[in-house]
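Q: Each chain, letter by letter, is given below.
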Amino acid sequence: MNLNVTNEEKWKFSPIPNIEESNFNKILERFYNMGIKGLTRENAQNSLDGRLPGNENPVILTIETGSIKKANIPGINEVIERIKCLEGRNGYTKETIQHMVNKINQEEVRYISFEDSNTRGLTGARNGQSGSKKDTWGIYAYSKGVHFEEEDSSLETSRGGSHGVGKIASNAASDLHLMYFANCDENGDKHLGGTVQLIEHLYKGHCYRSTGYFTDIKLEGNKSKFYPYENNFDQVFEKNTRGLKIIIPYFREEYDNEREIIRSICDSFFLSILEGKLKVIVNEKEVTNDTILNYIKDPEYYVQDITEAKKVFTPLYVDTYLNETPEVIKVSDGVEDYHFNLYFYYDEQIPKGRVAIVRTIGMKIEDFKIEGKATKPFNAVLIGSSAEDKYLKLLENESHTKLSPDDIKDPNQKKRAKKFMSNLSREISKVIEEAIKKNNPTDGQMNTADILYVLETQFKKDLSDTLGTVMINDGNKPLVKTSSDVPIKEKRERKDSKQGSKKNPGPSKKKRDPLKRQKSRDSDKHTEKQEQLSTIYSAHPDMVERLIVGNKEMVKFDFTKSEHIKNDTYCNISLAVIDGMGVEYPNEFNIQDNYNHIIDLNSGGNCPYSQNVINNVQITQGVAQLELNLKESLNKSLKFVYYVEV
Amino acid sequence: MIYKKDANFPYPVLTNNSNNYSTNLFILDVELHENTHNYRFDFQYEIESPFINDLLTKGHVQLILIIQSKDNKFFRLEKNQKSVEIAKSRISVSKRTSIQMHIQSKAEIDFKQNEDLSGFYDLFKEEIVVPKHAILGFSNVVLFDGSFKEPLELFEKKLDANLKSDIKIELSHETIVIYYRKPDFQFNNLPQSNTLNHPYIYTGLYAALQRFIVNNGEDSEYVDLEVIEPPNNPLEFKLYRLMKKKLIEELSINNIDEVIYAISDRILEKYTSVVKGLISHGS
Amino acid sequence: MEVKLLANGYKQNEQFYKDFLEDQIHLKDEYFSGEVVNLEHAPEFPIYMAHENEGDKKQLFFEAIEILAEYYLSTDRDIHFDELFWHSLLVTTKREFLLKNYPQITQSMNQFHNIVLKNFDWENYIYKCVLGAQYINDSVGDERERKRYYSLLVDNLDLYNYIIKYEIFRNENFLINILGIIDDLNLSKVMKSKIKGRDDLGKDERVGRRVIFEFNKSYPVIMSPMLEKEELKEIFLEYLGYYYDLSQTVTPV
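Residue numbers (my numbering), protein chains in the order written: chain X, 2 to 647; chain W, 101 to 383; chain F, 6 to 258.
There's no promise every hint is true.
Below are the DSS-like pairs computed for lysine-lysine, each with C-alpha atoms no more than 25 Å apart in a straight line [as the list claims (entries may be wrong)]: (1) W:K195 x X:K478; (2) F:K9 x W:K195; (3) X:K482 x W:K212; (4) W:K170 x X:K482; (5) X:K632 x F:K238; (6) X:K461 x W:K188; (7) X:K637 x W:K105; (8) X:K637 x W:K170.
These are calculated hints, taken from the structure and not from any lab test.
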C-alpha cells in the first residue's frame, strides 16, 4: 500500500485524489439494523471459527460491558478530529455524522468487549501486512470483505463466517464506528489493531478514504507496509491469553442490554452451548451446557407459553432438540444427495411452525419457514454434517441469517440450489403432514368413520390425575382406581397445628353452609301452611349431634355456622330415615309412634309435634336442643337426617 | 354393604366425613393384584383415634373388609392381615368394585375412656355404651372400575357421510362423540384444527352435563356433587371426577357454563386466540 | 366348547331377532365382536320358570341350580355372571333348545327379549339360579343339606328376590342365615303373608320384605350380614315383632 502519511498519527487513512463516495459503508447500516443480535452473533461465530483444532474444550467467549475514560482509548483524539471534518451529502449521512459529533465530548464512554480463549487468535501479526494467506492478522486487520481460508478444508467448511464482514458488525455497534482487536498468538505476541468506518473526507487539505486503521507503518524500500502496535494499552484492551479480543468503545446505548446479549447468544448458539462447544460468560453470568436451561426456562428471558411462540422459537428448539429422536432426511439438489438429522416435534398448541437450520458448529442460520406450513403446529431442528454445511454456506446471505439461492452467480449452481431448497421444503413438509395426519387421522378420508381418537389432551391429563389406572389381565384390561373423598389436607393441617406451627391453612375448600334450602318436599299435607313464608332446609349431619342413652335421645342443632338462620328464634324440625344404602325415606319414621314426649331443652317445655314434624323448637344463641323420650318399640339402630323449617 | 352416606347415628361413629371424633380419620388404601385363578386385594389402613386403636389391640373390636362388586363379600380380618384373596370364579372386577373397612364391636363398648370424642359427645361419654356387633367406624371407599375401555378419553371424533346434519353430538357409553358429515368440518387443513373444534367440545360438554343433571339430579335441574354416589355410567363418572377435581360442589341447569369453564381449561379462550391468529396471519 | 361373543347392539336389533328365527345369526360376522369364551361343557338348563305350577317350577329351579353348580360355577365370574356371555351362549348354541322349550319366543320380539335376551339382574332366572347355586354350594357341604336349601330358596322366592334385588344384602352369609332362620322357626308362610293394620305401608306389603327392610334401615349400626345365625335370629324376631304378632305362632328360641 502506498501511503503518504506521517507516522505521527496512530490512525492511518489512505489518501485519495478526490472524494468520490460520500456514503458510509452500506454494511454498517445493515448490521446496525440487526442490533445487538447481529453483533454478538458475528463475534461468537468468529470465536467458534477460531477454535483450536484438536482441542475438545469449549471455546470460551467472555463478553464484558463497562465504562472507560476517553483518555484511555488509543488514538481517540485523532478519530474525533477526523469526525469533525466529515461532511454529509445526504440526509442519512448527515444524521449519522451528527450522531457521532454528539458523542465526542463525553469524558467517559461505554464499551463492550468480546474475548475468546481456547482459540487460535490471529497469526503472523509480526509480519504485518504480508499478503500471505497464512498470516491471518494481515488479512483480518487490513482487508475487509475478504476472509481468510483455512488450510484444512474441513475446518474451512465448518467455519461460520464465509463473507469476512464480521468486523464491520463491531464497527456498527459503536457510536463512532470504532473497534479495536487485541490479539495474543501462540507465541505470546500481543498486538492491538483497530478500524474505524467513516466516509471519504478532506482532512488538513488532503482527501482520505473512509476506513481508518489503527496501525503502525513502516517504509520498506519505496513501499510502506502496515505493522501492528505492540499491545501496551489500557487494561480494557489487554489480551494476555491466546485468542482474540474485540473492544468496541462508544458502545451504543440501545445495544447495551445484558439480557438481550444473553438472549441473542442463546438464540443463535443454543446448540453449540448444549453440545459443549461453546461457553459464554456475560459479565458475571455464565451460559454453559449446564446453565443454559436456566435462561431458556426463565420467563424473564423467554416467554414460556408456547402458544405465544410467534417470533422467538428458541425454547421450542431446545426442547425439540433435547427430547426428540432425530430422523434422517435426504435432500437432493439434483446432482448430489445431502443428509440431515431432523429433530421434529408436533404440538397442536404451537402457533407457528419453524425449522431451525443449524450448522455443525451449532450456529443457527435461520428460522426456516416451509412454504405453506408456516402456521402448522410443529417445531424442528435440522442439522447436517460437513458436506451439508458446505452446501448451506453456499446458500447463505452475507450475514448468515438466511438461505437463498438468489445470491449465487453461477447459473448452473443456482439451478441446483433452487432444486435443493424446494426439495428441502418438500422433505420437511412430508414429515409435517405425516404428523398432522397422525394427530388428525380422519383427514380427507371418509371411509374411516369408525376410527376414534383423542380430541383433547387436557381432559386426559385431568382424568389421569384424578383416576388411578391399574392394568389387569396381563396388562390388557384397564381398571380405574379412585377413592371417596379423604380429607388429606385437613389431616396435614391438624398435625401441623398439633406441633404448634401455625402455617397458613392453604387453599382449603370454602365452607358450605350446613343448611341447604330444599325444594318443597312432601307437598301433599303441608302445602298451604308452608306457603306462609316458611322455608325448609336440610341440616348437614355435621351440625347435628345425636345420642341415644337408655330411653332418652338427645339431639343438638348448631346453627351458628349457617347464614340462613340469623334472627329466627323458633323452628320446626322433621327427620328422615337413611337406609343401609344411603337412601332417604322422609315418611318412614312416625314421631308419634316412636316418642312419648319431646322436651325443648332451651325453653324447658314440651314441644308439640304432629306425625313427622316437631314444632316450635326454640333457638337460643344459634343452638336448639331436644330431649326425646323413647317408646319401647323404637328401633334404636336407625340413623337420620334432619330438616329444619323456619 | 358399603356404607357412605353422612347421617346422624344414635351414637358417635368414626368416619372421615363426620366430626363425632376429634381424631376422625380412617383411611383405607387398596391395591389389586391377580394371578391365574385369584384376585388379591392388598390393603393398608390408618385409624387416627387412639381409643379405637386401643380397642383393636385389646381385641374388643373386629375389623371387617367389605368388597362389593356384583354382590358383597366380607372378611373378618385377623390381626396383621394385609390382604385377602378371592377366586376369579367368585368375583368379577370387570365392572365396579368398591372396598371399605368397618369396625365392629365384639362386645358392649363403654365410651367412658374415649378421649377422642368431640364437643357434645365428650360431655356425655360417661353414659355412652355401644352395643355388641354394632358399627364403630367406617373408612373411605376405594373403587376399582373395569367398565372403561378408554378410562382417560372424554371425546371421540367420527366421520359419518350419511349424517342428516353437518355436526352431531352423541353421548356414548363412555365418551362424547362428535360426528362430522365431512372432514372439512374438522378444519383438518388448518393449523391447530383441534382448537378450532373447541366450540363443538363446548357443545358436547353442555349436552353431557345436561344429561348428567337429568340422570343424577333432583327434579332434573340440580345435582349436589357432595352428596351423590359416583355415577355408574362411565361417561358420567368421568365428568363427575373432573368436576370433583375442580372442587365443583353443585351442578345445575343454571351453572353449566361455569362448570364447563372450570373443567375445560379455557377452551373458548384458546379458540378465540387461534381464530384471531388465523385472521391476522393468514395461512 | 367355544362361544363366540356378540357385538354390542344386538339387543335393539329387529333383524337380529329375524335372523335368530331363520337361523342366520352364525352366518353374519357383523353380529360378533371377535371375542370368544371357551368352556369345557355348556349343558342346557331351564332358563325361564314363570307361569309354571309350583311343583313344576320347583323342579325346574332344582334342575337349573344343579346344572349351574356342576358345570358353570367354576368358570370365572367374568363368564358366568356376565349378561353378554349368557345371551351369546343361548342365541348361538341353544337355538333348538330354546325353540323347543320356549316356543313363545317365536311369537314376538318381546317374548324373545323377556326369555332369552332378558337383562341379567335379579329378575332374570339364570341370575337368580347362579347366585342361589353359588351361595348354597359354597356354604353348605352336605348334598342333602344343599337340597334343603335349594328347596327353601324356591319356597321363599319372594323373599329371595327381595334380598338379591338390592345390592346391600346380596351376600352369601346373610341369605343362608335368613333361609335357615325361616326354616328353624317355620316362618315361610308368615313371611309371605300380608301385613295387617298398616295401611301406611301400602296395600300389598308383605311381612318378609318389611323385616328385611328393617335390617336395611338398621345397617350398618346393626351389621346384619356379618352376624352369626343365632345373633341374627334375635334381631330378626325383634323386627318381625314390629309387623307380626309373635304370640300367635312363634315361640322365640
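Q: Holds or violated: F:K9 and W:K195, Cα atoms, limit 25 Å.
A: Cα-Cα ~21 Å, so holds.
Q: Please verify whether X:K482 and W:K212 have alpha carbons no more than 25 Å apart.
A: violated (39 Å)
Q: Does X:K478 lie within 25 Å of W:K195 when you go C-alpha to C-alpha?
A: The hint holds at about 11 Å.
Q: For a C-alpha distance cap of 25 Å, please report whether X:K632 and F:K238 respect it.
A: holds (23 Å)
Q: Would the pair X:K637 and W:K105 pass a check requiring their Cα atoms to be no farther apart than 25 Å?
A: holds (18 Å)
Q: Sort out whether W:K188 lies within 25 Å of X:K461, counting only the CA atoms.
A: violated (31 Å)
Q: For X:K637 and W:K170, compute the direct alpha-carbon distance and say whether it is at most 25 Å.
A: Not OK: X:K637 and W:K170 at ~30 Å, beyond 25 Å, violated.
Q: Is W:K170 close enough to X:K482, meaning Cα to Cα at most 25 Å?
A: holds (17 Å)
The structure shown violates the earlier hints numbered 3, 6, 8.
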